[in-house]
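Undergrad: Listed below, chain by chain, are the residues.
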Amino acid sequence: MTITENGARILVIDDEPQIQKLLKVTLQAHHFEIHEATTGEDGVLQASSFIPI
Amino acid sequence: MIRTLRYNELEQENRQDVRQLVSELAKRGKLTLFLGAAAGVGKTYAMLTAAEKQREQGIDVLLGWMEAAAYPDTKSLNAKLQFPVLSKKNGLMDTEGIIQKRPGLVLVDNLEPVNGPNAMRPKRYLDVETILGHGIDVYATLNIQHVESLNDIVSRIIGWNVVETVPDTFLEQADRIQLVDAPTDEIIQRFNRAGLNESEREAQRKFYRAGNIDALREMAFRYAAQRVDSQLEQYMQAKKISGPWPVAEKVMVCVSASPFSKQLIRMGRQMAAGLKSDWIAVYVQTPQGFSKDKEKQDQLSRNLQLAEELGAEVVTISGNHIAEELLSLARSRNVKQMIIGKPLRSRIGEWLRSSVVEQIIRNSHGINVHVIPASLKSDQEPRAPLRGYRSFSLKSYAWITVSIALLTVILHPFGLTFELVNIALLYLIPVLLSAVYGGIGPSFYAAALGVLAFDFFFVPPFLSFTVADLRYLVSFVVFLAVAALTGSLAARLKEQLRFSKQREAHTASLYALSRQMSAITDIHSLLENVSRQVSQMAGTPVAIYLPDDKNELRLSASSFVHSQLGQSDSEMVIAKWVYQHGEIAGKGSNTLRESSGLYVPLRTEDRIYGVLSVNLESSHAVLSPDTVRLLEALCGLAASAIARVKLAEEAKLAHLMAESEKLRTALLDSVSHELRTPLATIIGSVTGLIEGDRLFSPEDRLDLLATIRDGALRMNRLVTNLLGMVKLESDMLHLRKKWCDVEDIIGVVLAQVKDFQQHRNIRVELPDHIPMILGDEVLLEQVLVNVISNAIKFSPDYSNIDVSVKTEESSVVIAVADAGIGLAAADRERIFDKFYRAEATRHVPGTGLGLAICKGIVELHGGLITAQPNVDRGTKVMISLPLNEESKPSPLPPEGETEQP
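In the order they appear, the protein sequences are chains W and E. Note that our numbering has the first sequence beginning at 328, numbered continuously upward. Note that our numbering has the second sequence beginning at 17, numbered continuously upward.
Treat the hints as calculated values from the structure; they're not laboratory data.
In silico lysine-lysine, DSSO-like type, Cα no more than 30 Å apart, as pairs:
#	chain 1	residue 1	chain 2	residue 2
1	E	K46	E	K104
2	E	K850	E	K678
3	E	K809	W	K351
4	E	K822	E	K754
5	E	K809	W	K348
6	E	K678	E	K743
7	E	K312	E	K278
8	E	K43	E	K292
9	E	K312	E	K266
10	W	K348	E	K770
11	E	K104	E	K117
12	E	K770	W	K351
Pairwise CB distance ranges, derived in the manner of DEER restraints:
#	chain 1	residue 1	chain 2	residue 2	range
13	E	D747	W	A335	54 to 60 Å
14	E	P783	W	A335	54 to 60 Å
15	E	A767	W	A335	39 to 45 Å
16	W	A335	E	A840	42 to 48 Å
17	W	A335	E	L672	54 to 60 Å
18	E	P861	W	A335	28 to 34 Å
Short derived list, chain E residues pointing at chain W, Cβ under 8 Å:
#	residue
19	T693
20	P694
21	A696
22	T697
23	G700
24	S701
25	G704
26	G708
27	F712
28	D716
29	D719
30	L720
31	T723
32	D726
33	G727
Where is the CB? At the ideal position from N, CA and C, for every residue including glycine.
The following block holds chain W by itself, in its conformation from the complex (with noise of 0.2 Å):
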């Protein structure tokens, strides 16, 4: 786990409400960027708009 400081974008798709939450927090902690979608379709929605790097 390298931590940025230069804001990286982390689209996290997943359905499971606990492991999101978890991923948020976790990344958050580290200075990521978070967006979170619960379905595929929201996923790659959000893939076109917001473009994690």
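Following the hints, position chain E against chain W.
TA: Chain E only, in chain W's frame:
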């Protein structure tokens, strides 16, 4: 004697499947036969020498049987070689012991002896057969005089009957025949030198004459040559060398119930061997020939058995015209040689039979008929008494006498007013009646008596037997002729009827059994049916043995419930033997003739399913070959029926296995997902907390801890459900009933679901007074948690979930309504099935266990759980729990825990 032989040289390849031949050879032990002309040619010596060579090659040799050697050289050789020997059992060869020891090679001196009546197998060659069947090689010695098919010739040469014989079919299985020979004078010299006592020597001196020995030697040579010939043929077949194969023409022997037929059978065997063809022994059963005469029946079955032992296919056909039946069978089976006996003396009773020979010769187009005159010798054998149509019945004769006397008394006063012709005709009435009811004898008696009465009372001069007018004599003769004709016709008709009735009964019992069996699917009623049918058919008690789970044979059905039949140890031993070997045994068979029953294996092509035993203790008779064959047919039917039932059971089991396999896969899939997701969150959160402790703010930390708790709670719910399911399945779930308050239960449940209800709005609606219910608090909470968490799972955020309680007349109904995705009508019942998940909820994680457990628990409480559509949208689950009578006044809660399965 008409004798024309014709050899067709048609080519026929691959008479036997070579592969089958090879595989059969591979299983059996090899039999080497040391064949000699007479005792003293050195067979045993040769056998011992050959066995010693085998021992030098490292083969384990066991001396199975050794005659007390009379010849000094054999004696000394045997003493020198010292083969291990097995002690005799009851003065017989210990076949079972030999098989148990499993040597590589067993030596058996003299193949022909007849074992005692109580032996397992009546003849020693059958012992050897068993040993060979276990894959053990055998060396055996045999003198030519003991070969069954040569029996007639041998007894003619040596002047007495040889009783101990070995059938040719067995000898043909010998893999090697080694002919041991010595010059005639040397054999005689050896005999003179042999260590015999005087009486033995005297008894055998007649046998050891140069002429005898020469003849026997020649027979041995011929026999061996024949064998070499057939081995060559086999070799050519095996190597697919095409050669001038003999045609597939068959030899047919016509067998009757006379002892003379034995000679014909042996002759047929020899001819078939010479032509290298198959042969058939035929018996035509005619209504006239059908008799109840015990001795004759026995002779017939002995004849047919001999034919079978000599390798014939035994055919019994029934018909009216012997010649026609024989010829049509001969044509259909491609018989080219037919052997038929001609009685030496023509008797009135047999003129019909001699005409059979003539008819056959007349119509034999293309079939060579060998007519063999009966030899004087066989005539010396006790002839079966002339067949009697029926037993002499005094009763019918008395009836006739009485009725004729009565007729005479009635007619006498009118005698002079009646015409004499009318009186004569009236006297015919008892004749006809007795012909119909009594048979030929009574009808003759009635005719004679009638004539006498007529003559005495009505023909002038009256009251005397003298006849004034000689024309009356003609009337008497006509009267007698009419009586004879009608009597014999009626009698024959009756016999025919009886005969066809018996045949019909056989067919009917087979048909009935097969029809019943195809309908039965339960093995016990099947067995009962079989035993009842068979015991009806055979007229004796019947028992059926089937193997149990451990493949141990058990008595499974018997036709008489209270009888001790089939219980004794000896019966069990025989049944086991039959089960293991798949061969028929017991009274009237080759094995264990002296036992009290007949044991027939229930076998299909590939398996033996059990044993059927017929108790013959009460009847001294051996079952007729016909009945045995019917019995075998019935057993075949029974076996296939058992096979069918067993296969059906196996199929059912396989289906069940597949179902449970499916279930297990579903369980594993869902459970593993349900377990691993919370585990993954717990592990992830804990790892994050440990590794990046500095990074997290206190809120983050709290968030992660909450995640861990949620995961653990989720796992806890799953494990509780799984355990509950297991308990329910194994009937181990017991209710700890207490008086509980529904309001309390709802409160506890709401606290539990609060952690994962997210933003659903749970609304509770309670009436003022809710009666206490008797139930297991913890389990009821589990039910409600499961139902409410389902409602949460399948409904959107910020929607309402309504929990309401209603008191009905005899029950309390808790309803949980959500505004979720709802249920298809078909799923409303099935969602309570184990592992069932509605199609629309596949994307939501879950095990499909929750509602099944709810159903189980609620039903244990005597309640009902149902699902129905909610008013607007979503699902409403109703849990109805019964109210106990005493619950209304809500008395003091009993503290004792009552358990209820």
